[in-house]
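K.L.:
Each residue of the sequence shown is one higher than the one before, counting from 1 in the working numbering.
If a hint is listed, it holds; no wrong ones were tucked in.
Derived CB-CB ranges, DEER-like:
#1 Arg163 - Ala256: 40 to 46 Å
#2 Glu124 - Gly290: 44 to 50 Å
#3 Glu117 - Pro246: 28 to 34 Å
#4 Pro76 - Val253: 28 to 34 Å
#5 Val253 - Gly290: 21 to 27 Å
Derived BS3-like pairs: lysine-lysine, alpha-carbon spacing no greater than 25 Å straight-line:
#6 Lys146 - Lys128
#7 Lys9 - Lys343
#8 Lys9 - Lys128
#9 Lys140 - Lys128
#10 Lys331 - Lys343
#11 Lys146 - Lys9
No wet-lab data here; the hints were simulated from the structure. In this text the structure is predicted, and so the values were computed from the model without any measurement. The beta carbon of each residue, even a glycine, is placed where N, CA and C say it ideally should be.
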Amino acid sequence: MWARTDLLKLLGIEHPIIQAPMSSITTPELAAAVSNAGGLGSLGCGILPGAAIREQLTATQRATNRPINVNFFAHPVPAHGDEAAQHSAIAFTATTTKVGLGPVPQPCEPFPSFDEERLDIVLELRPKVVSFHFGLPDTKIVQQLKEAGCVLLCSATTVSEARQIEAAGVNAIIAQGYEAGGHRGTFTGDPAIGTVGTMALVPQIVDAVRVPVIAAGGIFDGRGIAASFALGASGVQIGTAFLACPEANVQPVYRAGLRAASDESTSVARCFTGRPARVVRNRFVLEMAGEEDAALEFPLQASLALPLSMAVDESRRADFLPIWAGQGVAKLREMTATALVEKLVAEAGS
1 MWARTDLLKL LGIEHPIIQA PMSSITTPEL AAAVSNAGGL GSLGCGILPG AAIREQLTAT
61 QRATNRPINV NFFAHPVPAH GDEAAQHSAI AFTATTTKVG LGPVPQPCEP FPSFDEERLD
121 IVLELRPKVV SFHFGLPDTK IVQQLKEAGC VLLCSATTVS EARQIEAAGV NAIIAQGYEA
181 GGHRGTFTGD PAIGTVGTMA LVPQIVDAVR VPVIAAGGIF DGRGIAASFA LGASGVQIGT
241 AFLACPEANV QPVYRAGLRA ASDESTSVAR CFTGRPARVV RNRFVLEMAG EEDAALEFPL
301 QASLALPLSM AVDESRRADF LPIWAGQGVA KLREMTATAL VEKLVAEAGS
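Throw the hints in and build the complete structure from the sequences for me.
P.N.:
Pasting the structure below:
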């Protein structure tokens with residue numbers, strides 16, 4: 001038996017293991033496999049258009065009758081027609097031209113924050129769990145989701161953020177440590193300052209709130225799960241470990257970058273999307289290291305950088321593609337999602 005069962009009861013799952021909702025990586029096959037194995041499978045819907053969200057959620061619900069989590073971004077909507085944005089785009093063009101990437105597109109908003117269209121889809125299809133990154137939507141939307149019976153989760157990178165999330169009525173908090181791969185979920189203050197690691201962050205948030213806390217960041221095996229429970233967490237969210245599963249949507253050049261990574265290979269960078277995100281360092285990250293002050297607000301920077309990284313030919317793509325991964329990337333184990341959940345449970349000694 002697990003030491004704490006509050007999260008299990010809240011989510012309706014057997015094992016307190018949440019597969020992180022990694023945008024562009026998660027698939028219905030991955031989410032369903034994790035849920036069917038007793039964990040909580042997740043769909044990263046932050047960058048998806050409405051039709052794709054509906055398609056993926058419907059496909060996942062067909063593949064499992066167990067709880068699933070759908071994740072959305074709740075970032076502030078930036079202004080992209082101002083003079084500062086244009087100047088940033090010009091500065092970015094100078095760097096990308098130097099490395100042979102060619103002209104930069106006009107800045108635009110490539111994906112919206114959580115809006116009425118996404119709310120309508122959730123209210124229609126009723127996933128068990130809805131989670132948010134970069135803060136929460138407004139109070140009215142939070143209330144509508146709760147009235148629809150959805151369990152709400154949200155990421156916090158500081159104690160202050162955790163308290164705000166609890167006050168908003170969220171059911172459980174994801175304590176995201178600095179080791180985590182992908183985007184930092186920071187939504188208050190300077191994200192470059194609140195860089196607290198998982199081991200220090202989790203017990204502080206546990207002591208500050210009354211709702212269940214989910215540890216995230218640098219957890220890749222049963223030892224990390226056991227350590228998280230020792231720190232007071234009621235569950236864990238694991239992302240990078242699932243990147244090596246065949247059900248994940250990871251293209252060959254991305255997989256090769258993961259296999260080649262060591263424990264020293266990742267850095268937090270803003271160059272791909274405008275928000276701090278942990279990636280495997282490549283040429284683009286190194287070239288942009290001195291130019292990050294010119295990066296546009298999230299997600300405008302993504303409308304400049306991501307199309308360029310995908311447009312380069314296959315032989316050069318590894319130099320420019322964002323390879324999102326956490327600090328445990330060197331410990332990846334290639335197996336199915338079902339086998340990984342089973343192994344994590346066995347290692348944790350539940």
